Structure formats: C-alpha cells, structure tokens
Amino acid sequence: MSITSFTFVLFVFAVLTVYYLIPRKWQWTVLLAASCVFYLSGGKKSFLFVLITATSVFLAAMWMQKLTDTRKAWIKEHKKEISKEEKKAYKKKIQRQRKWIMIAALVLNFGLLCVFKYFHFALAQVNAVISAAGGTGITDTFKLIVPLGISFYTFQATGYLVDVYWENIKAEKSYPRFLLFVSFFPQMTQGPISDFEQLSGELFAEHDLLYDNYSRGFQRMLWGFMKKLLLADLIQPYVTDVFANYSQYTGLTVLLGAFMYSVQIYADFSGYMDIMCGMCEMFGIHLAENFERPYFSKSVAEYWRRWHITLGAWFKRYIYYPAAMSNWSRKIAWASRDRFGKFFSDTLPATIALVIVWFCTGLWHGASWAYIAWGLVNGFFIILSLWLEKLYIIWKKALHINESKWAWRAFQTIRTFILVTFIKVLPEVGSLSDGWGLWMRIFTEHSIPHGIHELLPALAENGNKNFCIILAMILLQFIFSLLQRKKPVRDYFTGIPVPVRVTVMACCVIVLIVFGIPASATRGGFMYAQF
Amino acid sequence: MEELLEILNDINPDIDYEKETNLIDGRVLDSLSIITLITRICDEFDIEIGPKWMRNENFNSVKAMWNMIQAIEEDE
Numbered sequence: 001m002s003i004t005s006f007t008f009v010l011f012v013f014a015v016l017t018v019y020y021l022i023p024r025k026w027q028w029t030v031l032l033a034a035s036c037v038f039y040l041s042g043g044k045k046s047f048l049f050v051l052i053t054a055t056s057v058f059l060a061a062m063w064m065q066k067l068t069d070t071r072k073a074w075i076k077e078h079k080k081e082i083s084k085e086e087k088k089a090y091k092k093k094i095q096r097q098r099k100w101i102m103i104a105a106l107v108l109n110f111g112l113l114c115v116f117k118y119f120h121f122a123l124a125q126v127n128a129v130i131s132a133a134g135g136t137g138i139t140d141t142f143k144l145i146v147p148l149g150i151s152f153y154t155f156q157a158t159g160y161l162v163d164v165y166w167e168n169i170k171a172e173k174s175y176p177r178f179l180l181f182v183s184f185f186p187q188m189t190q191g192p193i194s195d196f197e198q199l200s201g202e203l204f205a206e207h208d209l210l211y212d213n214y215s216r217g218f219q220r221m222l223w224g225f226m227k228k229l230l231l232a233d234l235i236q237p238y239v240t241d242v243f244a245n246y247s248q249y250t251g252l253t254v255l256l257g258a259f260m261y262s263v264q265i266y267a268d269f270s271g272y273m274d275i276m277c278g279m280c281e282m283f284g285i286h287l288a289e290n291f292e293r294p295y296f297s298k299s300v301a302e303y304w305r306r307w308h309i310t311l312g313a314w315f316k317r318y319i320y321y322p323a324a325m326s327n328w329s330r331k332i333a334w335a336s337r338d339r340f341g342k343f344f345s346d347t348l349p350a351t352i353a354l355v356i357v358w359f360c361t362g363l364w365h366g367a368s369w370a371y372i373a374w375g376l377v378n379g380f381f382i383i384l385s386l387w388l389e390k391l392y393i394i395w396k397k398a399l400h401i402n403e404s405k406w407a408w409r410a411f412q413t414i415r416t417f418i419l420v421t422f423i424k425v426l427p428e429v430g431s432l433s434d435g436w437g438l439w440m441r442i443f444t445e446h447s448i449p450h451g452i453h454e455l456l457p458a459l460a461e462n463g464n465k466n467f468c469i470i471l472a473m474i475l476l477q478f479i480f481s482l483l484q485r486k487k488p489v490r491d492y493f494t495g496i497p498v499p500v501r502v503t504v505m506a507c508c509v510i511v512l513i514v515f516g517i518p519a520s521a522t523r524g525g526f527m528y529a530q531f
Numbered sequence: 001m002e003e004l005l006e007i008l009n010d011i012n013p014d015i016d017y018e019k020e021t022n023l024i025d026g027r028v029l030d031s032l033s034i035i036t037l038i039t040r041i042c043d044e045f046d047i048e049i050g051p052k053w054m055r056n057e058n059f060n061s062v063k064a065m066w067n068m069i070q071a072i073e074e075d076e
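Heads up: the sequence lines are chains A and B, in that order.
The opening position of the first sequence corresponds to residue 1 in the numbering used here, with each subsequent residue numbered one higher.
The opening position of the second sequence corresponds to residue 1 in the numbering used here, with each subsequent residue numbered one higher.
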C-alpha cells in the first residue's frame, strides 16, 4: 500500500473511525490490527520476518527478565547468610546466562538482516578475492528480496533487547503489545527508530478524540504530502538525469544537480516523517522527531544530530558509548597517555568509537563500498573537528572572529550545507568511481551553460509549470525553516482566522490533486524505504 | 563530591557545576567530554560505569552523577 495513494488515506481514516469508536482501553488493538493489514498488503513473507524478530526478541527479553527476578529474589532471601564474594559470584553467573541469551537473539536478528541486505555484496567481495587469486568465482543465483523495513524494525527491537539486558527497562509481558511496538505501521518502513519507554507510553495510553490533535495532525500530514509530491517527486527526474549523464553536463549543471539532490532527499524523507507524525497526532500519539532543520547546522557533527535523529541516537547509545567506554578502548588510551599526552589519550577512545559508528552507519545505508566510503567520509570530518578543536579556537582568536555575529553563523551554515551535499552525492550516482567522477566533473569542467535548458536539463524540458512549483516549494520550505526557529509553524497558522485557514488548506489540497498526484504516479516510492 | 567537582573542573573549568542541571540535555558537555569524564570517574572511584548507566539523567548535574556513583558502589 503506497503511502501517497488514495487507498492509504482511506485506510487511515477507516482506522481512525474504529479507533475512536471502541472503548479506550482497546484502542491499541486497532493499531495492531491495522499494522498487520498494512504489512500483509506488502507481502506475507515480509510479515513472517517481522514475526520472527518480534517473537525471538520477546522470548529472549522475557527469559532475561525471569533470570533478573530470580537473582533479585535469591539475593533478598539469602542476604544474611551469604558473603559479599558469594553474592558477586552468583550475580556474575546469572549475568553470564543473560548475556548468552542476548547474544543468541542478536545473532539471529542481525544474521537475518545481514543475509538479506549484505549477502550479494559479501559474495561479490569473495568472488573478487577468488578472481584475484586466479580462480573462478561462485555464481550468484540467489534472489533475495529484502523484507520491508527490516533495517528499521531490527534496530528498534534489538535496542529494546539491549535495554532489558542493561536492566534499564523491564521486559514487556504481553506478546500482542510487543508485536505492536515492533510493527507499528506508521514507522515500519522508514522509522523513526523509537525506544520502548517512549513509544509504549504513547501506544498504550487511552486517547480521547480532540479537535486540536485532529486539526494539527491533518495540517502536518498535508504539508508532508506537499513536500513529497510537489517537491521531491518533481525534482526527481532532473536529479536522476544529471546523475546518470553527469559526464555530458557542465560543472555548474552538475553542481546544481547535487544541491537539488540535497533538497530532494530532505523533502522526501522529512515529508514522510511529517505525514506519519501528523497521522499519529490524529491518533493522539506523538512519535519521536527525526529532523530539526538539519540544513541550518553549523558543522557536520551538528548536522548529524539534526538529521535522522533517531538513527544517530541508536548508534550513540548502543555502539558509540559501549565502544568508547569498553575496557580495551580505555586500556589503549592509558597505554598511550605517557607517550602521547593527555589530549591524545582522552580523544583516542572517542575516535576509535567514531570510526566503528561511521563504518556501521555507511553499511546500514547500503551494501556497497560507496556507502561505506560515504559513512567514513562523514566520520572523517567529525573526527577531524575533534582533533583540531583547540587549534580552531586559537585560529578564531587570532583572526578576531566573533562567533555570535550573523555573518559568521551564515558562513558556517552555508559551508556545512555545501560539505554535506558533496558527501551525500558520493554513493547516489552509482559506484564509488562514479561518485568520484561527479566530484571531478564539478571541479574540472568550467564552461558556462548556454541557457536554462543546459543548466536545468530535464526540468526545463517539462515546462515552466514544474519549475515554478519547485521554486515556490523551496522558498516556502526556507521560510518555514526560519519561522521554526521560534515555534512550530502550525502555531502561527492557528492564529489566522478560520475562513482564511480553511481556504489556504483547500487550495493546498487542490494543488496537490492537480499537480502532485499526476507527478507521483510516474515516480517510485520513498527514498529511505530502500534502506 | 569534592573529587567529582575536581574532575569536572579539569575537563571544563568555565562551567558552574554546582548550579548547572542540564549538562547533557543542554549540550553543555559534548560526547567527547562525557567519555573523558566517565574514564576519570572510573579511575578515581575505582568503579565500572557500564553502558546501562549511560542515561542523560545520570549526567545532567553533579548531584545526579554523585547519586549514580553511590548506586554503582552499592551495586558492586
């Protein structure tokens, strides 16, 4: 079921009607049923894999919780009779058992993710080694279809598992409730990757039908559809054409194509989030936010705190901190302290952890060397800023740069936007060499395009209409982003008289139907669904 | 508490730690400072701060950090 289809809109309103008609305490069962229907509409096999993940993680968490409860009860019962060492030994024994349960569940779930996502890539690497040694490679005849949303629900479910292992949360006792947490349909295909504490509080609460939720949710959904259908989908043919034929276009055309790609992916991904967050608001549910005006960031590190926030938070919590604080990481840091000094040994654990995180982030986005390189380039700039931070402060003092000045902040924002755009396009052209080729084209081809048809090739061919809509949407997005600095745009909108508000929304719906829906019919789905 | 304040002042002396209650949520301390802080706390107090303690609320103020250290000592 396509999110941008009329069927999906009807589906949502049917679910909403039932949701608010039945007793409040059973509302979550409607969401579970809707999630099952939504997923089954995408194929039975995909749903089977969701069930495998949900069941294995649910059972493993329950087992770990049972061991935790047993340990607590045993210690309480034998508190007076046992020594500190005996207590410690018992705790260690239980913890070892819990650890093996967690590892088994992690291996199963990440194993499934790796088989579906990375099998072909791994086989290609094996074949490359065999060929280099003069042998004949293994024929890749396997046809694996990646289950819908596997990267997202696997991360969400395993995050819950680790939280239960760390005893930060208690295991959920109801399987249907846990199944809803893993398979909640608005976030199934593209996130956000929620943590159990936050999402379960929203999913299992009783929600009343409130005009405010309905109205604000609808407004956000509408804006999300506009971003997707009137911006991302209209830019897509132009970007695809520039990336496919970059060697034939001028450097300026390719550069503009790269910037337009940044606009497209933001409109596409954040548009999806607006549709889903808006829809959830209509159910009275608040999803975790995934974007905070990322193109207004002043460094690559800040950009990654504001783009795909929940994925970054997952990596930080479950990879970055455990890696940076591990015994081996601290031992390396201590060993280097005398030789290389305090700053080096303090920065080294974070650097090692960042390399691991950015390698994994690259691999999570795609099974190719281009994505791995993309991840590592992002990591390189973040690590570089860590190591050069002190030098940067000295340099700013020497040049008398006032960081609070508007011009300096604008410079930092534009510089970061250019940098992240260049990094972003690297894996999107095709292979790593194509990405490199596109970069080179921008830097080495300096001819001036002759007219609009050469500057905006595929876009100009489609006539002025699409061009005007894209320009208007970019301008609107920019204004909204500036307004959002103080408060949500919907707060400004609420202050407008009702007749004007209704007219504006009706106009938006008409524009969507007339220009957006025909455009979306010929385009693919959402860009982040492929991850 | 004194040892903890000493560690914090060594990492960043420009912060009023006795008043600040939003060290992590307010991004007063960055992730590198947090790792340095944890390493120093582990060495100074001879405790193990596992990932399960890595929650913002445990590091938002000196008091929260001190409570966490005592909870870990009790747990061990």
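Hints in this document: simulated from the structure, not taken from any laboratory.
None of the values given here were measured: they were computed from a predicted structure.
Glycine residues also receive a C-beta, built at the ideal position from the N, C-alpha and C atoms.
Hints may be right or wrong, so weigh each one.
[Claimed, not checked] A partial selection of chain B residues facing chain A, derived with a Cβ cut-off under 10 Å:
#1 ILE7
#2 ASP25
#3 LEU32
#4 ARG40
#5 GLU44
#6 PRO51
#7 LYS63
[To be verified] Calculated lysine to any residue pairs in the SDA-like style (CA-CA distance at most 25 Å, straight line):
#8 B:LYS52 - A:GLN65
#9 A:LYS66 - A:LYS87
#10 A:LYS76 - A:GLN97
#11 A:LYS405 - B:GLY26
#12 A:LYS170 - A:LYS316
#13 A:LYS91 - B:GLU74
#14 A:LYS79 - A:GLU167
#15 A:LYS143 - A:CYS114
#16 A:LYS342 - B:ASP14
#17 A:LYS390 - B:TRP66
Of all the hints given earlier, name the ones this structure violates by number, lowest first.
-> Structure breaks hints 1, 2, 5, 7 and 17.
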